[in-house]
Amino acid sequence: MTWFIDHLDDVQARTLQHVYLAGLPLVLGLLIALPLGWLARRYKPLYAPFTAGFGLLYTIPSLALFVLLPGLLGTKILDPVNVVVGMTLYTVALLVRTVADGLGAVPEDVQQAATAMGYTRVKRFFAIELPLAVPVISAGLRVAAVSNVSIVSVAAVLGIPQLGLFFTDGFARAFYDPLVVGIIACVVLALFFDAVIVLATRALTPWLRATGARS
Amino acid sequence: MIVFDGVTKTYPDGTVAVDDLSLEAPSGKITVLVGPSGCGKTTSLRMVNRMIKPTSGTISLDGRDTSRMKEAELRRGIGYVIQHAGLFPHRTVLDNVSTVPRLLGVNRRDSEKRSMELLERVGLDPAFAKRYPAQLSGGQQQRVGVARALAADPPVMLMDEPFSAVDPVVREQLQDEFLRLQGELGKTIIFVTHDIDEAIKLGDQVAVLRVGGKLAQVAEPAYLLSHPVDDFIADFVGRDRGYRALSFQPTPRLPLAQERTVAMGEDVARLDTDWVLVVDERNHPLGWVEPRRVHGEVTSEVLHRGGTVARASGPLRAALDAALSSPSRRGVIVDDAGALVGTVRAHEVLTAIEDTDRPELEDPDHPGAASPAASGTSAPTSAASASSAAGTVSDASA
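Protein sequences appear in the order of chains L and F.
The numbering of the first sequence is my numbering, which starts it at 54 and goes up by one.
The numbering of the second sequence is my numbering, which starts it at 3 and goes up by one.
Same shape as in the complex, but just chain L:
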């Protein structure tokens, strides 16, 4: 406990770095997964290769990815951009299928009605399909958020500052205080991301609460 109070500044700084390294990829990954998921839905032959192919990205070990990326991107090994790019890839891996399935869950008659009303393809996507896919996408996003918070800490092995440094630090010194603080901070952070997504989803789906059918 005293260790925690003595290192409050450290904990705060590393938490913010962790939020940045896990949160920004979440947003970027979603933005990339939306068009990919739409394509997988729109063109049937793309569905299997897209969902399976992007899903496979998730099996690349994170440590290997963080080491490989500088070579591919031409960045320095300690550049946080490597982590952002890597985490974005993981987010995309988790979300392409979710987005495709979420868009696929929009009822056929609703899509037809929208087309018959005179929506153009782009307008229909933003006005009808995307809002109705929010609950499914949100569920996928919650999984990705928790996964990101956890995987980012691996980058500590390379010395990129975030909560993971408490683990390498604690391990190196066989000293448990930073380990415990790091774990608790990660859990709190994961809960925080989850809460933000849940609240945003609630704000975007008033119709679900009005009917009381689903939450």
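These are computed hints drawn from the structure, not numbers from a lab.
Don't be surprised by glycine CBs; every beta carbon is placed ideally from N, CA and C.
Some hints here could point you the wrong way.
Stated by the list, open to error - Computed cross-link-like contacts, BS3-like style, restricted to lysine-lysine with a CA-CA straight-line distance of at most 27 Å:
id: 1; chain 1: F; residue 1: Lys-72; chain 2: F; residue 2: Lys-189
id: 2; chain 1: L; residue 1: Lys-176; chain 2: F; residue 2: Lys-115
id: 3; chain 1: F; residue 1: Lys-55; chain 2: F; residue 2: Lys-203
id: 4; chain 1: L; residue 1: Lys-176; chain 2: F; residue 2: Lys-55
id: 5; chain 1: F; residue 1: Lys-72; chain 2: L; residue 2: Lys-176
id: 6; chain 1: F; residue 1: Lys-216; chain 2: L; residue 2: Lys-176
id: 7; chain 1: L; residue 1: Lys-97; chain 2: F; residue 2: Lys-55
What the hints assert, rightly or not - Listed next, the stretches of chain L that the computed footprint assigns to chain F, with coverage defined by at least 3 CB atoms under 8 Å from CB atoms of chain F:
id: 8; region: 167–174
id: 9; region: 181–192
Dock chain F against the given chain L, drawing on the hints supplied.
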């Protein structure tokens, strides 16, 4: 006017959904496409707003070839109603109805004002405006669907089995209101159904399609019932078509008999008659009672409600049904306000039916052009001639 000219739809696997369809849907009228499943009726409908593209042939709207119009613009000018309404679940009723005006660039205030008027017009409480579709019953959703299709006041409406998914009672209500609305609005409507009764009831013109997408016959409903061109049509329009055709025959003057009536609560035990008609204080029929089975006063429980009531100005089918369904064998006839004017026996209705003419045979140059109301004897029955005054009833109890 919507004109199909040699329209064919063939799918890549060789299936012919619609085969060389030529058809005119006249302006301001309801044209019903009816047929068994697989007859291409929905495909034909969806080719009008180019949700499905014809393989060959043209469809024109008031002389404009639809294939030369921009799809989104074409569709915004055509109201579209489907089976389960297809409302947007994430939008309120008001936003759903405002959809097309908003797409057309009408500002929010004006389009919402118009939407509120339309909700009222289709018989929905304005309190529903802020609700979501899932909070409405099937019938209410369908009303919203109709309001949404009407919102931009399109001259043309396409309706694909709009009333099939609701229960029979609600369906009949919706059909009646739809006809009333169409009476006010006069849209050019193409209406798809698999239900020949609905087609007969709603259509100004009925086009029967057979499996394989071939047009079998197009005619006015009464003509279709009386002159089916082949066995398929005869079979499809059903066995009791002779009876159903009476729906289009106005009731001529019937020989009405005066009916002894009693009021609720009256003592009928000593009446020397088999059946007696019970009316309320406005002389509206309530039901029949059998005096010898009633001990003392007429109460709601002893009332026989099985008989139907026909308006003197209604179709012959209703008059005949009133006579057939009445426990006393005397059919109850009322005026337009619902007040009793007299009773009629089935053989008297049949005599009246035999005296009316059938719809004329088809003129080969103008298929279906024969008038359905060819009977010249449709003078409305005088309400006053056979009326029985409620006041005379109590005298009869001696």
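27 Å limit on alpha-carbon distance, applied to hinted pair L/Lys-176 and F/Lys-55
holds, 21 Å
Would you mind confirming whether the straight-line C-alpha gap from F/Lys-216 to L/Lys-176 stays at or under 27 Å?
violated, 37 Å
Pairwise hint evaluation, F/Lys-115 against L/Lys-176, where the allowed Cα distance is 27 Å at most:
holds, 24 Å
Within a Cα-Cα threshold of 27 Å, do F/Lys-72 and F/Lys-189 meet the stated pairing?
holds, 22 Å
Would you mind confirming whether the straight-line C-alpha gap from F/Lys-72 to L/Lys-176 stays at or under 27 Å?
holds, 15 Å
Coverage of the region 181–192 of chain L by chain F (three or more Cβ within 8 Å):
holds (count 3)
Run the distance test for F/Lys-55 versus F/Lys-203: straight-line Cα separation, threshold 27 Å.
violated, 30 Å
Proposed proximity, F/Lys-55 with L/Lys-97 (alpha carbon, max 27 Å):
holds, 20 Å
Given coverage of the region 167–174 of chain L by chain F, checked by CB-CB distance under 8 Å (3 or more)
Answer holds; 7 residues pass the 8 Å Cβ test.
Consistency note: the structure conflicts with the earlier hints numbered 3, 6.
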